[in-house]
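Taken in sequence, the protein lines are chains U and D.
With the UniProt record's numbering, the residue at position 67 of the first sequence is 67, and numbering never jumps.
With the UniProt record's numbering, the residue at position 424 of the second sequence is 424, and numbering never jumps.
In short, the hints are calculated from the structure, not lab data.
Please read these numbers as outputs of a predicted model, since none were measured by experiment.
Glycine residues also receive a C-beta, built at the ideal position from the N, C-alpha and C atoms.
Please note: incorrect hints may appear among the correct ones.
Unchecked claim - Here are the simulated lysine to aspartate or glutamate pairs, DMTMM-like style, with alpha carbons at most 25 Å apart:
id, chain 1, residue 1, chain 2, residue 2
1, U, Lys151, U, Asp202
2, U, Lys67, D, Glu415
3, D, Lys67, U, Glu416
4, D, Lys472, D, Asp548
5, U, Lys501, D, Glu334
6, U, Lys472, D, Asp584
7, U, Lys67, U, Asp265
8, D, Lys472, U, Asp584
9, U, Lys190, U, Asp265
10, D, Lys190, D, Asp205
11, D, Lys472, U, Asp585
12, D, Lys570, U, Glu490
13, U, Lys67, D, Glu416
14, D, Lys501, D, Glu490
15, U, Lys67, U, Glu156
What the hints assert, rightly or not - Computed, partial: chain D to chain U, Cβ under 7 Å:
id, residue
16, Phe195
17, Leu342
18, Tyr413
19, Ile431
20, Thr435
21, Glu563
22, Val567
23, Asp574
24, Leu583
2 protein chains.
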Amino acid sequence: MVYRAPVPDIVFTMRHAAGFDRALADGLYEDLTADLATTILEEAGRFANDVIAPLNREGDTAGVTLKDGAVTTAPGWKEAYGAWTEAGWNALPGPVNFGGQGLPVLLNSACVEMWNSASMAFGIGPVLTMGAIEALIAHGTDDLRARYLAKLVSGEWTATMNLTEPQAGSDLAAIRCRAERAADGTYRIKGQKIFITYGEHDLTDNIVHLVLARLPDAPTGTRGISLFLVPKFLSDGTRNDVRCHSIEHKLGIHASPTCTMIFGDHDGAVGWLVGEENRGLACMFTMMNNARLAVGLQGVAIAERAYQQALHYANERRQGRAPGAAEGMSPIIEHPDVQRNLLTMKALTAAARAICYMTAEGIDRAHRDSDEKARQSAYERASLLTPVAKAFSTDIGVEVASLGVQVHGGMGYIEETGAAQHLRDARIAPIYEGTNGIQAIDLVMRKLPLADGAAVRAQIAAMRATIVRVTKETHPAFGQTASRLRDAIESLDRATSYCLKAVAGNAPAQALAGATPYLRLFALAQGGAALAEMALAAAGLIAGGDSDPAHPARIALCRFFAENIAVGAKGLEDTVMGGAGFLDDARLALVS
Amino acid sequence: MVYRAPVPDIVFTMRHAAGFDRALADGLYEDLTADLATTILEEAGRFANDVIAPLNREGDTAGVTLKDGAVTTAPGWKEAYGAWTEAGWNALPGPVNFGGQGLPVLLNSACVEMWNSASMAFGIGPVLTMGAIEALIAHGTDDLRARYLAKLVSGEWTATMNLTEPQAGSDLAAIRCRAERAADGTYRIKGQKIFITYGEHDLTDNIVHLVLARLPDAPTGTRGISLFLVPKFLSDGTRNDVRCHSIEHKLGIHASPTCTMIFGDHDGAVGWLVGEENRGLACMFTMMNNARLAVGLQGVAIAERAYQQALHYANERRQGRAPGAAEGMSPIIEHPDVQRNLLTMKALTAAARAICYMTAEGIDRAHRDSDEKARQSAYERASLLTPVAKAFSTDIGVEVASLGVQVHGGMGYIEETGAAQHLRDARIAPIYEGTNGIQAIDLVMRKLPLADGAAVRAQIAAMRATIVRVTKETHPAFGQTASRLRDAIESLDRATSYCLKAVAGNAPAQALAGATPYLRLFALAQGGAALAEMALAAAGLIAGGDSDPAHPARIALCRFFAENIAVGAKGLEDTVMGGAGFLDDARLALVS
Numbered sequence: 001m002v003y004r005a006p007v008p009d010i011v012f013t014m015r016h017a018a019g020f021d022r023a024l025a026d027g028l029y030e031d032l033t034a035d036l037a038t039t040i041l042e043e044a045g046r047f048a049n050d051v052i053a054p055l056n057r058e059g060d061t062a063g064v065t066l067k068d069g070a071v072t073t074a075p076g077w078k079e080a081y082g083a084w085t086e087a088g089w090n091a092l093p094g095p096v097n098f099g100g101q102g103l104p105v106l107l108n109s110a111c112v113e114m115w116n117s118a119s120m121a122f123g124i125g126p127v128l129t130m131g132a133i134e135a136l137i138a139h140g141t142d143d144l145r146a147r148y149l150a151k152l153v154s155g156e157w158t159a160t161m162n163l164t165e166p167q168a169g170s171d172l173a174a175i176r177c178r179a180e181r182a183a184d185g186t187y188r189i190k191g192q193k194i195f196i197t198y199g200e201h202d203l204t205d206n207i208v209h210l211v212l213a214r215l216p217d218a219p220t221g222t223r224g225i226s227l228f229l230v231p232k233f234l235s236d237g238t239r240n241d242v243r244c245h246s247i248e249h250k251l252g253i254h255a256s257p258t259c260t261m262i263f264g265d266h267d268g269a270v271g272w273l274v275g276e277e278n279r280g281l282a283c284m285f286t287m288m289n290n291a292r293l294a295v296g297l298q299g300v301a302i303a304e305r306a307y308q309q310a311l312h313y314a315n316e317r318r319q320g321r322a323p324g325a326a327e328g329m330s331p332i333i334e335h336p337d338v339q340r341n342l343l344t345m346k347a348l349t350a351a352a353r354a355i356c357y358m359t360a361e362g363i364d365r366a367h368r369d370s371d372e373k374a375r376q377s378a379y380e381r382a383s384l385l386t387p388v389a390k391a392f393s394t395d396i397g398v399e400v401a402s403l404g405v406q407v408h409g410g411m412g413y414i415e416e417t418g419a420a421q422h423l424r425d426a427r428i429a430p431i432y433e434g435t436n437g438i439q440a441i442d443l444v445m446r447k448l449p450l451a452d453g454a455a456v457r458a459q460i461a462a463m464r465a466t467i468v469r470v471t472k473e474t475h476p477a478f479g480q481t482a483s484r485l486r487d488a489i490e491s492l493d494r495a496t497s498y499c500l501k502a503v504a505g506n507a508p509a510q511a512l513a514g515a516t517p518y519l520r521l522f523a524l525a526q527g528g529a530a531l532a533e534m535a536l537a538a539a540g541l542i543a544g545g546d547s548d549p550a551h552p553a554r555i556a557l558c559r560f561f562a563e564n565i566a567v568g569a570k571g572l573e574d575t576v577m578g579g580a581g582f583l584d585d586a587r588l589a590l591v592s
Numbered sequence: 001m002v003y004r005a006p007v008p009d010i011v012f013t014m015r016h017a018a019g020f021d022r023a024l025a026d027g028l029y030e031d032l033t034a035d036l037a038t039t040i041l042e043e044a045g046r047f048a049n050d051v052i053a054p055l056n057r058e059g060d061t062a063g064v065t066l067k068d069g070a071v072t073t074a075p076g077w078k079e080a081y082g083a084w085t086e087a088g089w090n091a092l093p094g095p096v097n098f099g100g101q102g103l104p105v106l107l108n109s110a111c112v113e114m115w116n117s118a119s120m121a122f123g124i125g126p127v128l129t130m131g132a133i134e135a136l137i138a139h140g141t142d143d144l145r146a147r148y149l150a151k152l153v154s155g156e157w158t159a160t161m162n163l164t165e166p167q168a169g170s171d172l173a174a175i176r177c178r179a180e181r182a183a184d185g186t187y188r189i190k191g192q193k194i195f196i197t198y199g200e201h202d203l204t205d206n207i208v209h210l211v212l213a214r215l216p217d218a219p220t221g222t223r224g225i226s227l228f229l230v231p232k233f234l235s236d237g238t239r240n241d242v243r244c245h246s247i248e249h250k251l252g253i254h255a256s257p258t259c260t261m262i263f264g265d266h267d268g269a270v271g272w273l274v275g276e277e278n279r280g281l282a283c284m285f286t287m288m289n290n291a292r293l294a295v296g297l298q299g300v301a302i303a304e305r306a307y308q309q310a311l312h313y314a315n316e317r318r319q320g321r322a323p324g325a326a327e328g329m330s331p332i333i334e335h336p337d338v339q340r341n342l343l344t345m346k347a348l349t350a351a352a353r354a355i356c357y358m359t360a361e362g363i364d365r366a367h368r369d370s371d372e373k374a375r376q377s378a379y380e381r382a383s384l385l386t387p388v389a390k391a392f393s394t395d396i397g398v399e400v401a402s403l404g405v406q407v408h409g410g411m412g413y414i415e416e417t418g419a420a421q422h423l424r425d426a427r428i429a430p431i432y433e434g435t436n437g438i439q440a441i442d443l444v445m446r447k448l449p450l451a452d453g454a455a456v457r458a459q460i461a462a463m464r465a466t467i468v469r470v471t472k473e474t475h476p477a478f479g480q481t482a483s484r485l486r487d488a489i490e491s492l493d494r495a496t497s498y499c500l501k502a503v504a505g506n507a508p509a510q511a512l513a514g515a516t517p518y519l520r521l522f523a524l525a526q527g528g529a530a531l532a533e534m535a536l537a538a539a540g541l542i543a544g545g546d547s548d549p550a551h552p553a554r555i556a557l558c559r560f561f562a563e564n565i566a567v568g569a570k571g572l573e574d575t576v577m578g579g580a581g582f583l584d585d586a587r588l589a590l591v592s
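Same shape as in the complex, but just chain U (with noise of 0.2 Å):
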């Protein structure tokens, strides 16, 4: 099935969902307009349909293979890869000083989206690269800069993140690759990682590991770990002593090496320091954040997918007689069920890409505003949605793609279809760049408390506000769209004051046995207002005079969102204030 980057309703939920046309007229893009970003968007667009998109399936079948510890990509990758990186698109938001565009995250994001949409096995290799990039400009000394930065911002070489070992997954207390100090300054790593995402890879001539490690005399715990940068080659063109050991058999994104590698058979590998010793992981979670919401895009973008194919297979199918219909098969499109699973897929997918956006927009204002308190609340606001973009957005990609193998009914499981596929390559983001758990943790004992609570009480106050103008909308098609999401916002309203009160009362396990359906209540309130945002948007448009087809469309599907999504707001409200009450017994349901 053919991908068709969807730029309108991208630019759309990035002018009045996610802040960009106020962030332009406060000056905070420079040069750049709404037609310049509509341009780019249009040509990224382009360059995913017809370049990235074909390759996504036989990316499947034929996967990735080690041979003698190189990894060799599926037929076309290479060449793909290396047009993209040519027509400048990885150095897009890159720091200008080093060969970079200097373009917003947020109009990076709509790309990410559209990279991801095309090919999730695809999409995630550049994102490694992206936090790479970002730990350096934070951290890395100026030698370390000149010599990787420019090659990383273009793309001419790629980065990998090397966390997880097998005692320590989301447990990074655990690490125990070792760094050693050499007497020219550099240090020697070995050790083994495992789930390294293009590890190892015939893309590019380079890869430079990004390698947490512990020094001989380092203190336990996370505050003895280090971040090493180590090339696969050495500036002076010798091999590093790291390499592929082997590459894991996955459910999904077959196309995307993932390695367990080997630092330090020998001599122990050539690394450079990244920031300070033992202050490594302060160093990561720079770049781990901007992970965090590219994953969450992985989310929105394989939803998207899913649901343009569901929505192709929908009108092309016929079966059944549809209530009203004319004599013989409808196509399935018509039947009242299947528009519900088609209108789930939609509203799910608008909903998660609006906070994904909205989210990356906090993160270029916390960078650029010229006001010091706009940028700290900037910061607050896009650290309080990150963990929300990445949880909901990835959740409701794999439950998006599932609908969308329902929709296809028995074809739908039959892999030529390629349904199945963005199912299997959905279930590895709620996994990947910290479970949703721990999404959902760091939202409610992190997120939470930022400012003691200011964070999130302006964020409810803002989605207030948008119900309020919703509420004077006399526009019919709005439905009851006012009275449900006031609902919702209420209900996080109160889960939010239960939880900021826990977790001040130091009674965690009160807030941590709620904090995934605390998550989802969140998303559902935000993602409602947020759709709210541009139903009043093209509500006014049309009072305007715009005829086009996606206004009232727009309109329809907050409602569809509002009456049919977000009224599972006070369930999750009353599981989240039920607190801890279940832990109690837990342990006793889970041994019988």
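With the hints as your guide, set chain D onto chain U.
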């Protein structure tokens, strides 16, 4: 990962949720006793654990191969199937006069669950044989019964259901496969069928195909479809004119061959009419209802298997320090969010099991009760519950398997772990034997109006009676069970009135639009009531001095379901009551 058949939970569910004890007391099951049933189930459990379960992973990786029209199953499968029929398991529910053991559908349902937990790809084969047995008992001529029933009952031969054609999936009216009358009273079948489970294989010497086809003079639509029996080998040993043309490359159940079958390449496949000409669909529905229950049991089965595997992993894997835990890494089962995932998995599985077993008991009573009114109301109850059993159980099968992957973190995405296979296997069950959307439509359009709504009203009254008893229960471990379940049941009651009114008022779109959320709402209320029945029984046993730790576990699980899952009922009610409101704009929203 090993599977251990949860026989004590299975027996407890049969006795305290599904009315097994009452059925025994009413004399429905002749000389069967609870002890004998337990012994049989323990024996079945051992077979599932020791013989079938170890083949599951290899069956997935080896799959099946087609060469020169012959399908070879994975290593060990033929031997396992032989041992299974040899031990008499296929014959368990079969009619005594054809070599069966005549045991209850309820007892066999518990076995079907275990076979499918051990391996869904194994378990689906006998489901089709069982369906053919039922069709032949109900509609076959004496001659056909004499020739085929005994060998199908023993499992010496297997059977298939040939419904689907490329243009006729959910819509059987579109069937084109032709049947022509031959001079000798037989028929010649010509046409192509797709997605035929175990259409060809090497497990048995013969395969009996039941095929839907049209006579030349048949009316169009579903009233012109006839059912034929078409054996792979005729009685004289000659090969019939039917062959496997290709096998599908599927997302899961790789060890189960899914075949495209070609009938009548040459002179036409020799077939015998089952039932009357042009009445084939009615015959097919005889077997389809029980097959739907069996597929529901597959959902329970895969959920149970995924839960066991996740529970095992969560007990073994150590990461992070849980709240209140000692120094060092805790088993991840100590973390509240992991506990929530595991409890959600277990509670959904237990609720779905109870609903499936209740359905099975209804089928038994509809056939076996001496009182005609009791048979009729049991028939209506089973008819009402069948779509719920099928759709809810298979939906939660996917959800629980997906949670199982999540509990494993990164390891869950690696195929060797086995968690991902459960998700891949589970994904077919919401599709085959009538998609879950079709189950929901069946529930709302055909089952709610049964006996002018008296069937569903009786079912809701029974749920309410359970909650009255919970209200009187003073054991503090019940928490808010009574109020949460009462709310869910009242939501169901209101939504039921809404749907009944819409169907009676000839406003089908109003009911169809909410059919899927209505079915889920029904299952939450019914599942909650069933878990409450078990919790009440457990509380009674505890009060009587029984110190089995499984009893407090049942109360805790019921409470978790009520407080964390059933609370979703109100949102579903809102959605159902929203009716077709969204459909007015649906097409608007789906073209942007």
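Compare the structure with the hints numbered earlier in the document and write down the numbers of the violated ones, lowest to highest. none
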